[in-house]
Every structure is written in structure tokens, then in C-alpha cells.
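Since each chain comes alone in its own frame, lean on the hints to assemble the complex.
Protein chains in written order, with this note's numbering: chain H, 1 to 182; chain X, 1001 to 1349.
Read the hints as simulated data drawn from the structure, not as lab findings.
Even for Gly, the Cβ is constructed at its ideal location relative to N, Cα and C.
There are no misleading hints in this set.
What the simulated footprint calls covered on chain H by chain X, stretch by stretch (three residues with Cβ under 8 Å from a Cβ of chain X suffice, anywhere in the stretch; the number is not a length): (1) 43-53; (2) 75-87; (3) 109-122; (4) 126-134.
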Amino acid sequence: MPDDALSPSDNNTSPDHIDRRSFLNTSSTILMVGGVGASYGTFAYIAGKYLMPSSEGKAWLFVCRATDIVPGGSFSFQSPTGVRVAIKREAVENPSEVPPINEFLALSSICPHLGCRVHWEGQNNRFFCPCHNGVFDPQGKPVSGPPAAAGQELSQYNLQIEEGNLYIEMPVDSVSSTNTSA
Amino acid sequence: MSRLGNWWSERVPVSGEQLRELTNEPVPHHLKKWWFCLGGTPAYLFVVQIVSGILLAIYYQASTSTAYESIRQITEEVQFGWYLRSLHKWAATLMIAAVVLHQMRVYFTGAYRRPRELNWVIGMTLLLVTLGLGFTGYSLVFEQLSYWGATVGANILDTVPLVGGIGKELLLAGEEYNAQTLPRFYIIHAAILPATLIGLIAIHIAFIRLHGVTELEEPDLPADQPKNFNFFPDHLMTELSLGIVLMIILSVLATVFPATMGPPADPNVTPEVIKPEWFFYATFRWLKLFGPTVAVLSMGFIIFVMYAWPWIDALLIKVTRNKETSTYIGIVAVLLIVGLTLWEALVEH
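Isolated chain X, as found in the complex (with noise of 0.2 Å):
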């Protein structure tokens, strides 16, 4: 060995057997449909949201009177300032629906039962990171719907029984929005949440990896194909033929449509016609369709059940004796979270 090499592996004393032992973890043949590549898309999203975000932070200043003049400036005036912007955008878009497609494919594919269930566990703390970042991400822009998004949120936490008013003072800094309120938006979409997001993924990977991805049954694979593959190199030039697809979907996106400026947040008036972001729209039809109180605290219930939906579904195929019947359940709750978004989509108010 040179003697470069003898340094390095004196400093770093892992040989290259027990590197290649590391990270080639055999992994099932179905994972070379693309479906089942959904939970890498949202932490390559995840990277983009990393860099572009940080880039964006170089110019925006987080306070009621500049916010919304330094994202102008990003937009308009900043050399590519339009594109990582955009791309932040729609990278965020993206994860969001990456992170419930994601989910999706592990309900209907049960990949979530026993010994798995923690994992599910940390996964819907995953999706409502990343909706709380989703949430935040939109507040920091001031315009009108970031204004009001922000208000109807934290009056939303305000109705949560015991720890909501408390919650709701600490959020925006007071009873109501006011000055001190953005950088607190700011520090819990830059700092509070990535890093939360960052130990999550690293505990939902490393469970991945304790557990081995779920076994499917393929009636359809030929006898003689192997049942397996390597990690490295075969699934590392999936998902790195993802990230690239990823790429020029995001930057076509950005182009084509490049992330606008509604009007400046004023506190004085409501728009006529308001609206959160898309993936709020089933909970914000909900929020019109019952009394706070009843809204509220449902759909604390819905995302209960969610995070339980592992020993739920145990025990619901020992009643029914049907392994089925989480299937139809999930069906019937998709459907009615698309029907609540399309209504909301499809109507002023």
C-alpha cells in the first residue's frame, strides 16, 4: 500500500470489505419498479429544499417590513433569483406529494404491520414535519395568504383543548400576528424543522435498514430471476436516475411556471376569495363543513388513528380474519380526502 493509503486507513481504520458489507444490503426484486422508490424521492427533495433554501436565506429578511420587499428582490432583481425560488417551490410541492404517495404505497402494500409499526410511527411524524414546513415555508413570503394562512393556523392550534392557547402565544409571539411573529415562522421553517426532519430520517432509514425492506410475494417473476439485488451499485443508479429525471422535471417546472407574488400581507382585510395551499384543502373544506371545537379535535382523532393504524389493523384482521379490510378502509379515506380537495378546488368558498 502507498503511503497516502497507509495514512488514511490509520486514521480511518475501515477496510473496504467491511465498507461494501455496509452498504450492500440486498435488496428485493420489486424494488425496481419505480413506485416502490417513492420514499428516496422525498429525501432527495429534501436535499434540493437544503441547498435552495439555504441560497434563498442569503436574501430574505425575516421581518413584517422587509420580508415581502427581499422575496420582490429575489424574484426580480437577484441573478437566478426566479429559479431557485421556483424550484424551492415546487421541490416543496413535489415532497409533499412524494411523502403521501410514499405512504400510500406502504398502506396498501401493508408494509407497515408487525415488526414494523415504529417505523410507520416515525413516518407520519415525517408527513406532518413536512406539512408543517409546507405551512411555514408560504408564511414567510407576507403576501395575503401567508398573512392570513398564519392567522387561521394558529387560531386553529388556539382551539386545541389544555395546551392550544399557550401553543398559539408561542407561535405568534402574542394574541394576534404582529411584529415579532415572522421570525419565529423563520426560525421554526429554517432551523427547527429541517433539523427535526434530518434525526427523522436518519431513524426511519436506519429502521429500514435493522428490519431489510418488506419481502412481496411476486407470483409473475420468473423462477430463475434472482430474488434479490445489490444495494450498490444496481439501486444507487435507480435512485440516482431519479434524482436526475427529479432534475429536469423541477427546473421545467420552474420555468414553465415560476413561483409568483400575490398581493402584500394587509391586516385590515380579508381577501374576498382565500385559500391555503392545495394539500390544506381537504382540512380546510373540513374546517367550513363543522364547528371549530368539532373540526378541531376530529381531525386530531384522524391523524390518532393514523399513527396507530399498525395495532388498529392487528386487530381488525383478528375480528374480521381478513387481511383485506385496511385495503377498503384506505380506499374509502383516500377517496374522500381527493373528494374534499376537489371541492375545495372547484368552488370560491
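So that you can see chain H by itself, here it is in the shape it has in the complex (with noise of 0.2 Å):
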């Protein structure tokens, strides 16, 4: 009988014993880092949707009649957030009833270096941003500063012509809309 009852803590020792005990251990472990890690990362990935912000509002506005704007001519545009755009059309020859969209170009005023305002210099016939010194021509091409020589162009704002009415997309919610202090 002494015999029989220390057989199992022989078993305790052999090497199959061990290698369950270890696998066990093993896998528990990565049970508990896996749940851990699993769980915290839920935790990250919802804070992270959390923290990302839902879509800005972009909207068509209504700016004028397109034939509205002589060939040649501009028509300056406020939008409700207060941003004032200069709508240019191209002098053609022979302007048609309806004129094509690529006639019209809208100049954002949004340095495309690092997102100031840039503002016209009559003096100067140029674009100018005050904040890294970005000089842009008439058209929004580069001409000196940072943006030229990473070759950018302020850019455009989308146009559309619909029924001979000329829209533009710009934001509509912006930080001076909710600022009624100043």
C-alpha cells in the first residue's frame, strides 16, 4: 500500500506531468495577456471613435445667376460663416447663353502652405500670406515663399451650374458662427 499511495507523486514528476502543468500555464497565461490586451484594446478603439470627430457640414449655396457675371467680369460672394469669395469668369470672344463651368473660378482664400488667410494686394497685383510670407498671382499660382517652392496652388472652390443658377460648396458651420461675444 505505502507503495501504491506515493505512485501519484511519481506521476507528479514525470516529464508528461510537467508538460501538462507548463502547458496549462502557458496557456492560461496567454489567456489572461490575450484577455487583457483584447479588452484594453476595445477600450482604445472605442476612446479613439470617441475622439474622431463626426464629418464637417459642406453645403451648396446659391450665388447668383450664372449669366449674372459679365465675361471678364467677378462677383464677390459672402457665405454665411462670413467668408468672402471672388467668383472670376474667363473673357471669351463669343460668351453663349449658358456658359460652361470651367468659365467660372472661385479662389479659396486658405494658404495652402499652412492654412492662414491669404489677402489680395492691389499694389502689388498679388496674393500675400502674412503668416510665412506665401505670394501667389492673380490666378493662385505660386510665385515665391514656401508655396512656390513646394508648388502650390490656393485651391479652388467647387462649382456647379444647374438650371443657369451658379452654386458654390463651402462650409457652413464654423467657429464665428457660434462666436456671438465679439
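What follows is the structure, given as C-alpha cells:
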């Protein structure tokens, strides 16, 4: 009987048993680490989603009748958020009744370098960005400064003509619309 | 021992002897010179920032429609509001200056060398976090500089390859500055960065305690003078007097040159002349000199080199067999930064 009683403890030290034990140890550790990783990972995913903003509001806004802008002329449009855009029409020899959209140009005043607002300098016939000295010609092509080094033009707003009406796509939510104190 | 004493020592089982040992780190003699105490200066100023910042937060409202007005109220209506706001602004200025001077002192005395490389890395992170606090701080006023500074800062982030785009969207809560942006800057300024700073300062000081303060050769020190003195009370007294002097300087600056307010943020007009705070003058000029990708990547490279300097320096010593090489490089770097800063300060565009 004493021999029999000893046999289970003998089994404990057999290589088989150690393997099983170490297998259980390893797999439970993997499960544990995996579980903790998965739960914190899920939390990180949720936090990331929470921090990501929802898409911003842009809308097509009515500007004027397309024919209201004569060839070679321009129209000053102000969006509800206060952004002013000069919409220019190309000078063409024989203007058509319904002008094609590519005759129109609406330059954004946001500098493609780092997002400041350029302004028109009439005396120098150029757009100038006061932040990092970017200079653009009247067509929005870069002339000097960092935008010229990187070949960045002033971007253009999307325009569209529907039933003779000219529309422009612009952001409608802005800081200024909520800024009532200033 | 009295009953109260027993009660205390049972609950806080630390003897006076142990406490003395814990605080009485031998301090090398050269720390009697004030410019070796520049590391304690930003730590002291950081405490001033926490206290004044909490007080400012009581009136500040982080929303685009109320932020500017709430700061005007702090500055003009709340009793001593002008003082606390000016104190906060000047302590920030001095804190950045002290961090930079402390880093220069560490650099030029070679105190970052083996085995203290990791503490240099922590110190570099402390510098970046401090600059981040400065940047997010002036973004909160919601004046023109705040708005355009934040816009430019976010767009700089945007040019960073791979992660830049998502970083910008997370920072601005969208493609561009909007009504959700300001609360994010506020949380970063008042919670995330200060908490990071507290943790890093703790590690920074722990490293100093573990390695001890770097011993400097002082040839002119008389032989009979002891090489070390006690932290408590000698060095603590030095730091305390430094604290008093700083408080006087801060109060004088806050009173004579109180914090003012620029025009409120206008997303439709970038002012004709716009500059960030002085500590970003060099980077601002750098951005004017190169295209955005080149400027941002080179700045990233410079920051990487600064982080890796202890190892680059070790390599330089091996190659040139001259310990002074890093000193010459340091002088050139300082002259370059000072030069760019002065250039930006002296011209309009």
C-alpha cells in the first residue's frame, strides 16, 4: 500500500505531467494577456472613435444667375460664415447663352502652406500670406515663399451650374457662427 | 515618547534617522553657484503654474463663444485677476527660458554623458512638453494669435508623414478649427500635459538621486574645502531663496508688464503681421525659409538628433578623440537658434 500511495507523487515528477502543467501555465498566461490586451484594445478603439470628430458640414450655396457675371467680370460672394470669395469669369470672345462651368473660377483664400488666410494686395497685383510670406499671382499660382518651393496653388471652391444658377460648395459650420461675444 | 508620538510612529513607520538619510544626499560643491540650480527653477515655476492655473480655470470658459470674454473678465473685472493671469503668463515665459538654460548648462558641462543618457532623454521630453504647454496655453485666449497659431500648428502636424493627418483631425476635432477645437486644447493644456510633466519630473529627479549629481572638476577649489555639502538644510535653503527671488521677479514683471489681450479670433482674416510667442520664433523663421515638407522633416530630424545626442557625442569622442567637439557643435547650434530668433524678432515679415 505505501508503494501505491507513493505512485501518484511519482507521476507528478514525470515529464508528461510537467508538460501538461507547463502547457496549462503557458496557455492560461496567453489567455490572460490576450484577454487583458483585447479588453484594453477594445477600450482604446472606443476611445479613438469617441475622439474622432463627425464629418463637417459643407453645402452647395446659391451665388447668382450664371449670366449675371459678365465675361471678364467677377462677383463678390459672402458665405453665411462670413468668408468672402471673388468668383471670376473668364473673358471669352463669343459668350454662350448658358456659360460652361469652366469659365468660372473661385479661389479659396486659405493658404495651401499652413492654412492662414491670404489677402489681395492690389498695389502689388498679388495674393500675400502674412504667416510665412507666401505669394500667389491673380490666378492663384505660387510665385515665391514656401508655397512656391512646394508647388502649392491656392485651391478652388467647387462650382456648379444648374438651370442657369451658379452654386458654390462651402463649409457652413464655423467658429465665427458660434462666436457671439466678439 | 508621547502618546501622540506613538500613535504617529505606529501609523507612519519612518524614523527620523531614515528620513535624514533619504533627504541628505551629498551635494557637490559647485551647486553653490546659482546657474547650477537652473533645474530647480522650472520645477518651482511649474508649481506656480499649477496654483495660478487652477485659479484661472475657475473663471475660464473653454468655448469659442465664451473664451475671449471670460479672459477679458479675468483681466478686467475679477479682483486680482490681472495679477494671476500675468503671473501665469510670465511664469510660463520664465519656465521655458529656465528649461532651455538648464539644458544648455547640462549640455556644455557634458552632464548627459554615460551613465546619464536616459535622463537626457527624459529632459528632452520635458522640454517638448513644456513647449507644448506654452503653445496650447496661448491658444486658449482665443485672440487672433490663438486661432492662427492653432491653425498653423495643426497644419504643421498634418505634414508629418503617416500619422500627421489623423493627428491633426484629433487635435482640431475635424479638418479645420471649429467649435469643438478649443475644449481639446484646454484638456491638453490643463490635464494631459501637466499630468505628463508631473510624471516625467518625478522620473527625472529619481534618476538624479540614483546617479547622484555629476561631479565637476573644480581646480580653483581650496584643498581644505569639503567637496560636498548637505542637501538638507543647505541646498534646500539655496532653492528656497531662489524661490523667493523668482516670486519677486514674477510679481514685478506681472505688475509692470501685465498680460494684455489682442483682437479676438477672426477665422476670416489673418492679421497683416502675425508672430507666435518668442520661443517659437526660430521655428517660425525656419518655416518661412523652406517648403513645408522640408521644414517639418528637418525639424523632426533636429529633434531626433537632440534626443540621440548622448550616443552621437560618444561616437564623436571615439572618432575625433576630442571631448570638446560637442562644445563647438553646441556653440554653433545656439548661435543658429539665437540668430533665427533675432531675425524673426527684428523684421515684420
